[in-house]
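Protein chains in written order, with this note's numbering: chain A, -17 to 621; chain B, 411 to 510; chain C, 413 to 687.
Simulated from the structure, these hints should not be mistaken for laboratory data.
Among the clues, some could well be false.
What the hints assert, rightly or not - The calculated label-pair distances, taken between Cβ atoms and stated as ranges, are:
no.: 1; chain 1: B; residue 1: 504; chain 2: C; residue 2: 440; range: 28 to 34 Å
no.: 2; chain 1: C; residue 1: 448; chain 2: A; residue 2: 619; range: 51 to 57 Å
no.: 3; chain 1: A; residue 1: 605; chain 2: B; residue 2: 504; range: 27 to 33 Å
no.: 4; chain 1: B; residue 1: 496; chain 2: A; residue 2: 614; range: 36 to 42 Å
Stated by the list, open to error - Just a few of them, taken from the derived set where beta-carbon distance is under 10 Å, the chain A residues facing chain C:
no.: 5; residue: 404
no.: 6; residue: 408
no.: 7; residue: 554
no.: 8; residue: 555
no.: 9; residue: 556
no.: 10; residue: 557
no.: 11; residue: 594
no.: 12; residue: 603
no.: 13; residue: 606
no.: 14; residue: 611
no.: 15; residue: 613
no.: 16; residue: 614
no.: 17; residue: 617
no.: 18; residue: 620
For each residue, glycine too, the CB sits at the ideal point set by N, CA and C.
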Amino acid sequence: MTLTSAEVTLPAVGAVHAAWLLLAFPSFGAAVLLLGGKRTNAWGHLLGVTMSLASFVYGVALFAQMLGERGAGRSRDDHVYTWVPAIGRFHVPIGLQIDQLSICFVLLITGVGSLILIYAVGYMAADPDRRRFFGYLNLFIAAMLLLVTADNYVGLYIGWEGVGLASYLLIGFWYYNPAPPVAAKKAFVANRVGDAGLTLAIFLMFAQFGSVSFAGVFSQVHNASPGVVTALGLLLLLGACGKSAQLPLQSWLLDAMEGPTPVSALIHAATMVTAGVYLIVRSAPIFNLSSDARLVVTIVGAATALFGALIGCAKDDIKKALAGSTMSQIGYMMLAAGLGPVGYALAIAHLLAHGFFKAGLFLGAGAVKHEMNDEVDMRRFGGLATVMKITFVTFTFGYLAIIGIPPFSGFFTKDPIIEAAFAKGGTSGALLGTAAVIGAGITAFYMTRVMFMTFAGRKRWDDGAHPHEAPPVMTSPMVILAVGSLCAGGFLMFSNRLIDFLAPVTGTPPLSHGFLAPISDISLAVVVAGAAVAWAMYGRREVPVTAPRGSFATVAARKDLYGDAFNESVLMRPGQWLTRLSVFFDNRGVDGLVNSVAASMGGTSGRLRRSQTGFVRSYALFMLAGAVIVVFALLLVRL
Amino acid sequence: MISPAHYIALAVILFVIGGVGVLIRRNALVVFMCVELMLNAVNLSFIAFARMHGTLDGQVIAFFVMVVAAAEVVVGLAILTSIFRARKSVSVDDANLLKN
Amino acid sequence: MSHALILASPGSNSAELAAWWLLAILAVGAAFGLIFTRRAVHCAVMLAIVMLILAAMYAMQGAPFLAFVQVIVYTGAVLMLFLFVMMIVGISAADSIIETIRGQRLWAGLAGIALFVLLALVVGHAAIGAAAPSGPRNSSANVGDLARLIFTTYVFPFEVTSALLITAAVGAMVLAHRERTGPKPTQRLLSRRRVATGHPAPLPGPGTYAQHNAVDMPALLPDGSPSRLSVSGVLANRAIEAERSGGRAAITAQVLEPSEPVDANGRPDDKVEER
């Protein structure tokens, strides 16, 4: 097992020289749209889409150049400018590193992003703030690209914060409604907790290694003590949990569905929430040296996979059900990433496939919502397959991909993760693998539930709902993504293409995985069983329009498995008490101190004021007494 | 021989009595008179010192003090009269608008 | 002059000293009287005593000119000014004993004692030598020498002081001037007012009797009751007050029931009935 090393990055050549264009296009778009204001309303959306497509084209050019290179030549570093010239040992150059790992993400972000932006042209056509929306999305794309192409942790952090900002702005896009701003704040605060972990990790890196660049850190990490390496790993994991909505910072993802559906598709399904996985895979040299940190990562991933799946089972809001599924799938990616060099490439593979089918699912849900007058309660859907045929087909492709039916993508990317988990060995391996399999079954259950509640069965529509197919500007991206859902997995995993491609970055896994291993058959059986149960409950039986009370488990799942309640009681209430205590001390203590000084002044002056009797004779007395004292003093000095 | 020290002592006593009188009397006229008493005591001390030095400067000064005291009494009593016409009272306690 | 005799004869030392002590004790007693007497007029009299004693002392110290100036100008003019103003203000105005400001007397006394101690310290510490031997300065050419000093060395203060006097005189005139708010009442107007009051005739004079014939004796009305109007208001108030404070009252007090209502000036007061 070779240790990963991004140590060898050759200087830029060819198109990589202008790699900053990748960021420049969407940044330019964001600047024009957000600073230009209402004047750009007419053509703003077109500019946004164009800038995203320009970045995609350039990304393809970079990819083509990279394929032309061999070996270490594929990893190129382009120094853009020096942000912090050397202050002591602290030196932050802003450079862009185009290697195999970052190019995967670049293509995913710009490609899926452009498709979603085209979709958004149609989805947000009736919204007067459409121009602002595209401005924010361009801002997001620029920040995310910086995140994945930066060659040091500080640059990554800038992008990290940028996507957090864009997420906040976009979740709270309809700020004039009561719910979105609250959800945006919740997302931002939860992310902030994770960001603290990342910040501390960067501090630790600088303190230990004197450098924050990937090359610098990774070359020296084997010199550090095991405790430091484990601490680094855990802090980076904390950052990743915040951004990727893993336990314990998972509460914000379901609330983030308040944002417009294209936002949910791009940011909270395909790209931003995967930034945590990117962070862990990029920091592979650190994790490779600490088995404890890796173990924690796998536990977090597996637990979240189950957690998200359980939540998704009881949600009647279609977007929230899909959000639960996102949380669960990223749990799988985390599980894979925590398995070490065995799993890094698997995590990236699943990430790329997930980008396709999850985005497709969300766009389909958005089309349904758009046509049903912004209704998201699945109990009010039903029978849409006949009315929205293209949407139904693309949604089905995504559905089959996510539950892992061959030959769709999910089968090729999810099963290797389960196999790798079992292959880890020992109790941990068995537990993780079992958890992953069970998670797959539950995934099948709730996704089938969504399918039946939305597209099959009797029409339970509201009066006044006349759904028909979405306009072509919306359906074309969905079709393209459906093709990806079908082919991407197989394409990536066929003859270990992606694994070999990423090997210089992530390390060569010891085992080569076929897709006919017996474990995949077992998981397939579990999946079919889960789907069958869902069919029995929702396909055959009538779906009630009002939600029934449900069992204890259902109620718990509706309440996000008491995640919010936990946060409130353990974090929010003590925090509030602490704030109130501080306010109390400030008011009484600090203010009291200041006020008492003022009050004593006032009191003293009030007392002293009474000596002003107003009578001439008392003034004369004071004068005489004063004169006597002064002369006495003079006398004492003279004598 | 009566040394000037006797006169100085007497002048001191008269001065102190006049000072206390200014502080404790309420009738403005009586206050004025106590001030005159103080001036007279000072005059006495001037003349005693003149005698001590053997020059006449002290007497000249005392003379001028008398003149100035006369002028001061004139103006002061005129003021007093106009105040009395307005207020119908000569108590110094009535000018207490600066209270508190 | 007497002062030269006093200075010249050495044998009269003890007499001189005795005279001085007597004068000094009188002066201090008069000063205490000045600050403690209730009646303002009595205070003026006390001040006059002090000034006269001081004039004698100036004379004893070889300053005859100043002694006479003290008597003529200070006692004779300035103190009389005081008495005139007292007439205007009201001769019976007396302070009450009660002190309005709390602790004023105590603190004034303490301040006085402190001042006395301070001055005693200063004076005791100072070197006060003996009197200079009698020379030409102290002789009868005192006036001439004084004049020489005033008009040569001290001529500037002299001129300034004269300007001050002029200013003071003018200032006093301005301050005491009463501006007429209406036209000067003519003789005709005054007599009309007088008739309008209902009592155009002058007040009756005091009674003249076989055994008593004084300004404070009331005249008798036709029905035999004493006439309040025939006694000056001042005298009447004094008598009433004296009787109230338990002193020996004049005869008039016993008969002085206000048979006719009078106002503060002693003239008949018609407005009483209207109240």
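Take a look at whether the Cβ-Cβ distance between residue 496 (chain B) and residue 614 (chain A) falls inside 36 to 42 Å.
-> At 41 Å between Cβs, range holds.
Double-check residue 613 (chain A) for me: the hint is only fine if its C-beta lies closer than 10 Å to a C-beta in chain C.
-> holds (6 Å)
Between residue 448 (chain C) and residue 619 (chain A), does the beta-carbon spacing fit 51 to 57 Å?
-> With Cβ atoms ~37 Å apart, the hint is violated.
Residue 611 (chain A) as an interface hint toward chain C, with CB separation required under 10 Å = Hint on residue 611 (chain A): holds, closest Cβ of chain C at ~8 Å, below 10 Å.
Using the C-beta atoms of residue 504 (chain B) and residue 440 (chain C), is the stated range 28 to 34 Å upheld?
-> Given a distance of about 32 Å, which is inside 28 to 34 Å, the answer is holds.
Would the hint on residue 408 (chain A) stand, with a C-beta cut-off of 10 Å toward chain C?
-> violated (96 Å)
Using Cβ atoms only, decide whether residue 554 (chain A) comes closer than 10 Å to chain C, and label the hint accordingly.
-> Check failed: Cβ of residue 554 (chain A) comes no nearer than 63 Å to chain C, outside 10 Å.
Is the shortest C-beta separation between residue 603 (chain A) and chain C less than 10 Å?
-> This hint holds: residue 603 (chain A) lies near chain C, its Cβ roughly 6 Å from the closest one there, short of 10 Å.
Can residue 606 (chain A) be said to touch chain C, with a Cβ gap under 10 Å?
-> At 5 Å from the nearest chain C Cβ, residue 606 (chain A) passes the 10 Å test, so the hint holds.
So, residue 556 (chain A) near chain C? Judge it on the closest CB pair being under 10 Å.
-> violated (60 Å)
Identify whether the interface hint at residue 557 (chain A) stands, where standing means a beta carbon of chain C within less than 10 Å of its own.
-> Since chain C brings no Cβ nearer than about 60 Å to residue 557 (chain A), farther than 10 Å, the hint is violated.
Please verify that hint: residue 555 (chain A), Cβ, nearest Cβ of chain C, below 10 Å or not.
-> violated (61 Å)
Checked against the numbered hints given earlier, the structure breaks hints 2, 3, 5, 6, 7, 8, 9, 10, 11 and satisfies all the rest.
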